[in-house]
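As a plain string of letters, each chain reads:
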Amino acid sequence: MSDLTYREIEASHDIAHIEHEGEQELLTLNLGPHHPATHGVLRLLTTLEGEVVRDIVPMIGYVHTGIEKTAEDKAYWKAIPVVERMDYLAYFFNAMAFCGAVETILELEVPPRGQWLRVLHMELNRIMSHLVWLGTSALDLGAISMFWYCFRDRETILDLFEMSTGQRMHTRYIQVGGVIEDIPPGFETKVREFCADMPDRVDQFMALLAKNEIVLHRLRDVAAVDEETLLGLGVTGPLLRASGNSWDLRKADPYSGYENFDFKIPVGTSGDNWDRFAVRTLEIKESVKIILQALDGLPEGPYITENRKYALPPRHELATSMEALIHHFKLVTEGFRVPPGEAYYPIESPRGEMGCFVRSDGSSKPARVHMRDPSFVNLQATKPMVQDLYIADLIATLAMLDPILGGIDR
Amino acid sequence: MPDATGLELIAQDLRGAHGDDAVVGTLFFRGKAAVDIAPARVNEVLAFLRERGFGFLASVHGLDYYPTEPRLGVQYELLDMTAVDRITVRLRVPTDAPHVPSVTPDWPTADHQEREVFDMFGVIFDGHPNLRRILMPEDYEGHPQRRDFPIGGEPVLFTHNEPRMPRYTQ
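Here the protein sequences line up with chains A and B, keeping their order. Numbering follows our numbering, with no gaps: position 71 of the first sequence is 71. Numbering follows our numbering, with no gaps: position 104 of the second sequence is 104.
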């Protein structure tokens, strides 16, 4: 062998034209659907020339559970738990998109406290989702301790969810008209403790990863895709922001009171894997800011609409009020009816524009529920990202793409 | 959002540019503009709206309006990222001739989404480069999101009942 270092040998290859005879033959390799590095039940049909990916076809549907069909057979408020299970790392966002669409058709106002509590929980959820992404992505790159650090902090968030909603995942907290319950005493203190820790933790993660030579080699200048291509493919969220486009629905088209919060949108420059990594990691810090503002400015008042036609009456009223009893009975048996119409309600999930389309035919069950899931659309960007790259870079790129197969297949 | 007047102006310009039959109707519902078009004209209409700034195709939904005819519907959610504006383009096709020109050549994002609408509703997108099922198995029969497709009642495939599943091993 020559005196060249590994990196120099690697750089001397022109991967657009491999001329080594033994590597010219194309090899079709099936990656997944049960490969640990595919972040779920994703199957990638890759065509390799030597170690270089020449073609890649994502194949999905392995966890298709027919949630959209199931939701058509449930009353509106009973559809929330199934809709929440689509993107299983962003359950507050699923529920928010669905409830937002239903509220649009109903023209139902959500009281400010309900909006603030939604924002508070969605931002905690965003941090939680990004922590799972950071941990598993670092694992794909070989950094196993990052996984434990991230899951330690994720555990704290799940404990917070358990405290305020009674569940760690799939909480059914966001309801049509507001949220199901007010936050319990002591919750605020715990969230503040978490928010005091989290920015330091992010700095620690960055200290571990950002100057790590292996991480830099694997991420920097790898799989860069320009903004135009991404927009054509419908890519949104951190992937688009990494390429320099600052589109974020929380700022561009605020919903649920986001216009009252002061936060920044991290934006990348070149759109490579490093930018995707940096944008998401910095988003955690911005989310912490939003959570603190939501706690500081939490308005007084009801947390769910007082319109008894759509929200359950409080428990104590059932003992004294006949009317409350009738409303309660109607809601839990038939559910509320929604006037005929269609609505599309887009929000910014941890992975991009998550839009819920709901069509009502006037009955108490939705006639169509369709989730525009960001992972489903973003997955189309795999080919322009990894074509003519080494297969090892495919694994790193897939990690930075952050697909959630529950959301893709629904 | 284009308001009700803005929507009518867009519809008027569309009729002027592509003939009266391109636009079937308009709807302004809950602050959201929607324009109903003839299925065959979808590419021209989307290209026209792209010129107007709606350069991002956010989503493609399929719908089944059972029992009203024509039953199947396809909706395109367009987004103007500069003016932060949205408009829906809607079309309807009957189940016996569910043909819609594909917009995938012009809007690459529609690739997976049109395949999903084909898979779930059986709308055939003419000109789509790879119109195959995407979520359901390739040998699946029927289009499960149609309103007359029964919910449940389908046997679940396990190892123990695999040989007894109809047509599975053929």
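If you're looking for bench data, these hints aren't it; they were derived computationally from the structure. Some hints could be false.
[Stated by the list, open to error] Pairs of lysine-lysine residues, derived as BS3-like cross-links and limited to a Cα-Cα distance of at most 25 Å, are as follows:
1. K309(A) - K289(A)
2. K190(A) - K32(B)
3. K251(A) - K32(B)
4. K69(A) - K365(A)
5. K309(A) - K78(A)
6. K74(A) - K264(A)
Verification of the supplied hints:
A C-alpha spacing of about 36 Å is found between K309(A) and K289(A), which places the hinted pair above 25 Å, so the restraint is violated. Our distance criterion of 25 Å between C-alpha atoms is broken by K190(A) and K32(B), whose separation comes to about 41 Å. Between the alpha carbons of K251(A) and K32(B) the distance comes to roughly 20 Å, so the proposed pair stays at or under 25 Å and holds. Straight-line distance between C-alpha atoms of K69(A) and K365(A) comes to about 11 Å, which keeps the hinted pair within the 25 Å bound.
Simply put, K309(A) and K78(A) have alpha-carbon atoms about 15 Å apart, close enough for the 25 Å limit, and the pair holds. Using a Cα cut-off of 25 Å, the hinted pair K74(A) and K264(A) is violated, with the two alpha carbons roughly 39 Å apart.
The structure shown violates the earlier hints numbered 1, 2, 6.
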